[in-house]
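**Q** Same order as they appear, the protein sequences are chains Y and B. Taking this note's numbering, the leading residue of the first sequence gets 1, the next gets one more, and so forth. Taking this note's numbering, the leading residue of the second sequence gets 1, the next gets one more, and so forth.
Accuracy of the hints is not assured; some may be wrong.
Copies of the same chain are indistinguishable here, so a pair counts whether it falls within one copy or spans any two.
[What the hints assert, rightly or not] Simulated crosslink set (DSBU-like; lysine-lysine; CA at most 30 Å straight-line):
#, residue 1, residue 2
1, K295, K117
2, K151, K34
3, K151, K224
4, K117, K34
5, K117, K151
6, K151, K329
7, K224, K64
8, K64, K117
9, K34, K329
10, K311, K329
11, K117, K224
12, K34, K224
13, K64, K295
14, K151, K295
15, K224, K329
16, K64, K151
17, K311, K151
Think of the hints as simulated: they come from the structure by calculation, not from any bench. Keep in mind the model is a prediction, meaning the values are calculated, not measured.
If you want the building blocks of each chain, they are given just below.
2 protein chains.
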Amino acid sequence: MTDANFTNVRCPIPSVDQSIVQLAHGGAGRIAQKLLDQVFRPILHNPALDELHDSARVTSESGKLAFSTDAFVVHPWRFPGGDIGSLAVHGTVNDLAMAGARPLALSMAFIIEEGFKIADLMTVIESMRNAADRARVAVVAADTKVVERGKGDGIFLVSSGIGEMVAERPILPTSVREGDRVIVSGCLARHGVAVMCARDGLDLDPVVESDSTLVHEPALALLKEGIEVHCFRDITRGGLATVLNEIASAGSVGIRIEEARTPVREDVASVCELLGLNPLYVACEGRFVAFVAEKHASRAIEILRDYDCSKGATDIGVVEGRAGQVVMKSLIGVDRVLDLLSGEQLPRIC
Amino acid sequence: MTDANFTNVRCPIPSVDQSIVQLAHGGAGRIAQKLLDQVFRPILHNPALDELHDSARVTSESGKLAFSTDAFVVHPWRFPGGDIGSLAVHGTVNDLAMAGARPLALSMAFIIEEGFKIADLMTVIESMRNAADRARVAVVAADTKVVERGKGDGIFLVSSGIGEMVAERPILPTSVREGDRVIVSGCLARHGVAVMCARDGLDLDPVVESDSTLVHEPALALLKEGIEVHCFRDITRGGLATVLNEIASAGSVGIRIEEARTPVREDVASVCELLGLNPLYVACEGRFVAFVAEKHASRAIEILRDYDCSKGATDIGVVEGRAGQVVMKSLIGVDRVLDLLSGEQLPRIC
Chain Y
1 MTDANFTNVR CPIPSVDQSI VQLAHGGAGR IAQKLLDQVF RPILHNPALD ELHDSARVTS
61 ESGKLAFSTD AFVVHPWRFP GGDIGSLAVH GTVNDLAMAG ARPLALSMAF IIEEGFKIAD
121 LMTVIESMRN AADRARVAVV AADTKVVERG KGDGIFLVSS GIGEMVAERP ILPTSVREGD
181 RVIVSGCLAR HGVAVMCARD GLDLDPVVES DSTLVHEPAL ALLKEGIEVH CFRDITRGGL
241 ATVLNEIASA GSVGIRIEEA RTPVREDVAS VCELLGLNPL YVACEGRFVA FVAEKHASRA
301 IEILRDYDCS KGATDIGVVE GRAGQVVMKS LIGVDRVLDL LSGEQLPRIC
Chain B
1 MTDANFTNVR CPIPSVDQSI VQLAHGGAGR IAQKLLDQVF RPILHNPALD ELHDSARVTS
61 ESGKLAFSTD AFVVHPWRFP GGDIGSLAVH GTVNDLAMAG ARPLALSMAF IIEEGFKIAD
121 LMTVIESMRN AADRARVAVV AADTKVVERG KGDGIFLVSS GIGEMVAERP ILPTSVREGD
181 RVIVSGCLAR HGVAVMCARD GLDLDPVVES DSTLVHEPAL ALLKEGIEVH CFRDITRGGL
241 ATVLNEIASA GSVGIRIEEA RTPVREDVAS VCELLGLNPL YVACEGRFVA FVAEKHASRA
301 IEILRDYDCS KGATDIGVVE GRAGQVVMKS LIGVDRVLDL LSGEQLPRIC
């Protein structure tokens with residue numbers, strides 16, 4: 001895999017106008033983190049939101065639920081391996097599974113720019129329906145708004161989902177323990193690269209297809225089989241390195257991974273090199289990381305490999321070291337800190 | 001109140017380019033209906049979505065839930081009496097109540113245009129928080145995406161909500177029965193007029209303030225008091241006339257109302273006349289209509305009048321006549337059909 005040395009450098013937050021929203025505020029780097037920490041969380045804070053997980057846990061009088069929402073502004077809306085419709089379903093079903101929940105129902109809000117083709121809208125809705133059918137869940141509520149030309153960008157979607165908790169223990173960053181094994185479910189960075197190539201009109205042969213898919217089945221299978229899973233997280237915005245940093249920080253643990261074990265396909269690594277991207281910071285949409293008690297790690301990998309979408313599951317490291325820090329042993333055997341990026345390598349990939 | 005005669009005329013759908021999304025597709029008129037009926041519903045259909053109510057009913061193993069989603073693209077984002085943050089909370093809490101459910105949790109997705117002021121973002125989030133506090137519900141999940149300048153319009157919000165069913169019977173258009181009384185909770189059209197004046201810079205004295213508010217307390221109080229409510233609907237896009245048409249159509253009932261009993265404040269009626277709007281087609285964001293068994297109608301009005309937000313509750317008509325048709329006895333005693341408009345009088349008011 002490619003080795004982009006800039007990740008060694010602790011980038012200072014660039015001196016941008018702090019009084020307005022920047023594109024990087026929508027990413028997964030330190031600038032976005034700052035917006036969350038200084039604007040959203042102080043005002044909205046509550047126990048469920050403060051857990052900072054992919055789905056919130058909601059207790060009703062009658063049971064335990066997971067609740068999740070995600071906005072999708074991917075550009076272009078169609079890319080090799082998927083489109084915004086399937087992406088929105090995958091994203092929300094996966095987020096529910098990452099909290100240890102079985103999907104129960106989805107809702108979908110459409111914000112469409114005037115002039116978007118009805119035929120394209122039908123493609124998006126059909127793709128959404130097919131993905132929902134595969135997840136055995138229905139879109140039970142929907143809303144549509146249309147904005148004037150030049151006030152939107154084709155189509156934006158927001159999907160929300162509710163799920164029934166399957167996990168007996170809380171699946172959360174704070175549940176992660178020293179010694180847990182860090183397992184990724186497959187090769188990294190394909191989604192971001194696929195969208196980027198589609199956006200830039202890069203005509204590669206063979207085309208890199210997005211990894212966008214449903215991952216709830218293998219994730220929930222681990223729970224069903226009694227594997228002691230402490231945390232799940234799907235590897236979306238900001239890629240593996242960002243996701244590990246988020247968990248290290250929210251769970252106050254150290255994480256140590258090995259570059260040599262980190263799965264990146266050769267063709268994807270080549271495109272990343274061409275585009276100047278570090279694949280560890282490039283989003284997937286059908287991959288997740290599981291923090292599993294050491295005694296169950298090899299059985300967990302066996303179970304995951306039974307599913308197509310996680311047949312590349314592999315153990316890449318362990319929970320140890322300084323709280324809040326992610327360290328990677330590089331290919332040449334040197335330890336380096338895998339930090340949050342300042343901004344976002346790839347805007348609007350989801 | 002003003003009497004815009006164009007509602008007597010059955011407007012043909014204008015010959016627009018049918019292959020692209022029009023601004024009117026986001027409204028509540030016949031063009032929007034056509035998009036729903038020909039594009040969304042055939043592809044997405046499922047029993048919950050097909051009920052065509054403000055919230056979907058979801059049955060989990062452990063209980064009965066309501067689930068709702070709404071996109072907000074109101075322009076300008078701030079208007080007399082509210083802003084997009086409070087509006088998004090009101091809209092979703094009210095939608096849950098309209099299905100007979102007590103709000104349990106909200107989620108919120110932000111799609112922000114690069115360059116939006118952080119101070120304005122904080123205003124929106126604070127207003128959202130305050131509205132959620134008043135509803136005694138928390139925003140437990142959130143997501144933020146940022147799009148480039150010129151690819152959005154300041155700020156769009158999507159709020160979703162889950163609620164626990166309080167209603168023992170289904171509160172649905174198909175539950176409406178011949179002889180039910182039609183009760184509106186207060187004066188009409190203030191929200192749409194307030195947004196329109198803000199957008200056009202109309203400097204009225206006194207200013208018309210939006211009616212945007214929470215209405216779940218009086219609605220749920222009716223259920224708690226054992227009032228036989230057959231259907232609720234909040235009077236948003238398209239105003240009272242559109243909402244009644246939706247229920248007449250989905251419930252296969254006729255509805256007959258009296259113009260003289262339909263509450264529109266004089267100042268609001270004057271602005272409508274000035275702007276060429278029919279207030280019966282102008283949105284509220286803090287008003288609802290209840291279809292109540294005749295024997296309980298006067299008690300229902302008493303209960304509603306105990307709450308500030310519904311102290312103007314009044315009986316405006318009855319369920320009778322040709323299925324699918326809404327008829328209004330005008331001020332001069334003539335019956336006329338209150339039809340769906342073709343397009344939308346006021347785009348982007350929610």
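**Q** Please list, smallest to largest, the hint numbers that this structure does not respect.
**A** 1, 3, 6, 8, 11, 12, 14, 15, 16, 17
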